[in-house]
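A.B. asks: Chain by chain, the residues:
There are 2 protein chains.
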Amino acid sequence: MLNKQVKLNARPIGLPKLSGWDIADTNVEPITEGQILVKILMLSIDPAMRGWMNEGKSYIEPVGIGEVMRAGGIGVVVESKDDSFKLGEHVTGMLGVQQFTTLTAKELTKLDASLAPLPLYLSTLGMPGMTGYFGLLNTGQPKEGETVVVSGAAGAVGSVVGQIAKIKGCRVVGIAGGEDKCNYLVDELGFDAAIDYKSEDISKALRTHCPKGIDVFFDNVGGETLDAVLAQIRFKARIVICGAISQYNNTTAIKGPSNYLSLLVNRARMEGIVVFDNAGHYKEAAIEMAGWIASGKLKSREHIEQGLENFPEVLLKLFRGENFGKLILKIADE
Amino acid sequence: MLNKQVKLNARPIGLPKLSGWDIADTNVEPITEGQILVKILMLSIDPAMRGWMNEGKSYIEPVGIGEVMRAGGIGVVVESKDDSFKLGEHVTGMLGVQQFTTLTAKELTKLDASLAPLPLYLSTLGMPGMTGYFGLLNTGQPKEGETVVVSGAAGAVGSVVGQIAKIKGCRVVGIAGGEDKCNYLVDELGFDAAIDYKSEDISKALRTHCPKGIDVFFDNVGGETLDAVLAQIRFKARIVICGAISQYNNTTAIKGPSNYLSLLVNRARMEGIVVFDNAGHYKEAAIEMAGWIASGKLKSREHIEQGLENFPEVLLKLFRGENFGKLILKIADE
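For the protein sequence lines, the chains are A and B, in the order given.
Per this note's numbering, the very first residue in the first sequence carries number 19; after that it's consecutive.
Per this note's numbering, the very first residue in the second sequence carries number 19; after that it's consecutive.
Chain A with its partners taken away, still in its complex shape (with noise of 0.2 Å):
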């Protein structure tokens, strides 16, 4: 049996390039006991991505020249030599950009497609909606009356933490890019106001939409957003960094925040957060996010491509915002 593979050939500077992948098949081996032979179905396509394609010391090692291309993804049991895990059942882990893997119990965990579309396995049940979550309610802090402002607003992240942010009665303000975005998180995700960063002036904008000040900021963005949040935050804010999308594919430094110092004046606070440092705590966000979404106050939108040979090209529509919803590339029905 062949497993088409998706290879990382070259380390990009600035935007990935359409050629810097090698797309070839390779035989899958046979199994062996504790194994477990994945048929992967869909990718979820993620910003971190492309941090992972850089050398050197980050959260997670680097993918090597040459190795399969790390993505999270969901998958179906084809053949298993582990007891726990059955012909059929559906998985999630990191099985990478390929048609078939072959990994061990540890590495993933069962998901109940009877409960929820599968895709909301990759977004808001997944790990996009773990990091709103967590960063939100934990980083965040946000209390009710507060205002909370998050940059990408439309992606599977920021989606989340905006309408969780709702759901705690805060007044919350989304950063997007384009009309159609921002109108789907005022009329459908119930934000209380949306600023397009490609037609608005966001510092204009906050000022409009968060006239007391910014309590808490989600970023997902970093750069110009970064410092025109910076200089509106109130006294004690908590900024939660999460990703500085706008950065990723510089091919000079990436720009620190010129406003730092509104921390000082405003005795603000900035921290990072990672999503697998809750990994204990994961079970209790989604049971408590499925009643959201049962009850409708969570709502999340997919964008899916098809195909694993589009790979290189459905990462670059991430960064060049043509997404709208969670990205998820489909290579296999079941």
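Since the hints were made in silico from the structure, they are not lab data.
As the structure is a prediction and not an experimental result, all values here were calculated from the model.
Keep in mind that a hint or two might mislead.
No distinction is drawn between identical chains; accordingly, a pair holds when it is met within one copy or between any pair of copies.
Stated by the list, open to error - No farther apart than 20 Å at their CA atoms in a straight line, the calculated lysine to aspartate or glutamate pairs in the EDC-like style are these:
hint, residue 1, residue 2
1, K216, E323
2, K254, D295
3, K273, E242
4, K315, D205
5, K348, E327
6, K273, D245
7, K128, E79
8, K75, D245
9, K254, E79
10, K301, D130
Fit chain B to the supplied structure of chain A, relying on the hints for placement.
C.D. replies: Frame of chain A, contents of chain B only:
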């Protein structure tokens, strides 16, 4: 009676100018019921003064054009129409760059000149000491065995931070300018190591002296120093933003920390402090620090210049790093 005053005559761009001040005599007005006339003996010359000279919102109102420059200081009561303040008592407060000031009881705090030399009330037992004490202990939260780095380490705040971190059982590395200051930190204050930013590569020296990485950074300097430290912080590090003297006289935008995403990688926190928030606890801190001073665990050094009319030049000494110890301008004998 004449009162010589130093007034701000123009907002500086970049370094303050010697010509940016008006020095002139006015008459001391007769005091009225509830007022206290103070003869000013010495003034504290602080990095924060540069911020007070800028227009715009900060943690405190800017000094207005034509107003007496703000300065903390120590004086002696020479006339009082408030029964709680008597002739000859020593007081501290925001006295301003002038020879005399008329204030009310709530604007003054009494000092006991028999307990400690007066200049100590402008250094370790004054605002710089309180800043170091609360910033390190409440915000930096150093634990025994952790590595604490402090910039501006030979200054009034930094030397208190480093010595308290030693008292708490930490490995302490100071960053300062020049061999004399570095020797002082290690030989007299007991720091484990000192880095001379004028002659050493800070990043390389940090790797040598902080082999396990940095748990707490207390930053008075900003700029390249902050970036160098960010690249070497440990998991859950705490960065206390107290000041950014390297950036105060910029004529271009402040240099934001390019390495701020290290906060994310390391789940670390950067938090701003302003000493005034701890006003309710100054007394306990002073008692604890006085104990450390008495037992020789907490030393301080003052750099005393002379003459009110030298204020413009003495302020520049501070920004050129020419002071060694807490910079104080003595303007009168008792």
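A.B. asks: Run every hint past the structure and note whether it holds.
C.D. replies: Structure-based check of each hint:
1. When the C-alpha separation of K216 and E323 is checked against a cutoff of 20 Å, the pair qualifies neither within a copy, at 24 Å, nor between copies, at 55 Å.
2. In this assembly of identical chains, the alpha carbons of K254 and D295 lie at most 20 Å apart only when taken from different copies (11 Å versus 24 Å within one copy).
3. When the C-alpha separation of K273 and E242 is checked against a cutoff of 20 Å, the pair qualifies both within a copy, at 8 Å, and between copies, at 13 Å.
4. Taking the closest pair of Cα atoms, K315 and D205 come within 20 Å of each other only inside a single copy of the chain (13 Å); across copies the shortest separation is 63 Å, beyond that limit.
5. For the homomeric pair K348 and E327, the shortest alpha-carbon distance inside one copy (11 Å) is at most 20 Å, but the shortest distance between copies (76 Å) is not.
6. Proximity of K273 to D245 under the C-alpha cut-off of 20 Å is found in both arrangements, the shortest distances being 10 Å within a copy and 12 Å between copies.
7. In the homo-oligomer, the alpha carbons of K128 and E79 never lie at most 20 Å apart, since the shortest distance is 25 Å inside one protomer and 59 Å across protomers.
8. For the identical chains of this complex, K75 and D245 are inter-copy neighbours only, at 16 Å across copies versus 26 Å inside a copy, given an alpha-carbon limit of 20 Å.
9. When the C-alpha separation of K254 and E79 is checked against a cutoff of 20 Å, the pair qualifies only between copies, where the shortest distance is 19 Å, while the shortest distance within a copy is 34 Å.
10. Taking CA atoms no more than 20 Å apart as the test, K301 paired with D130 passes inside one copy only; the shortest distance there is 13 Å, against 60 Å between copies.
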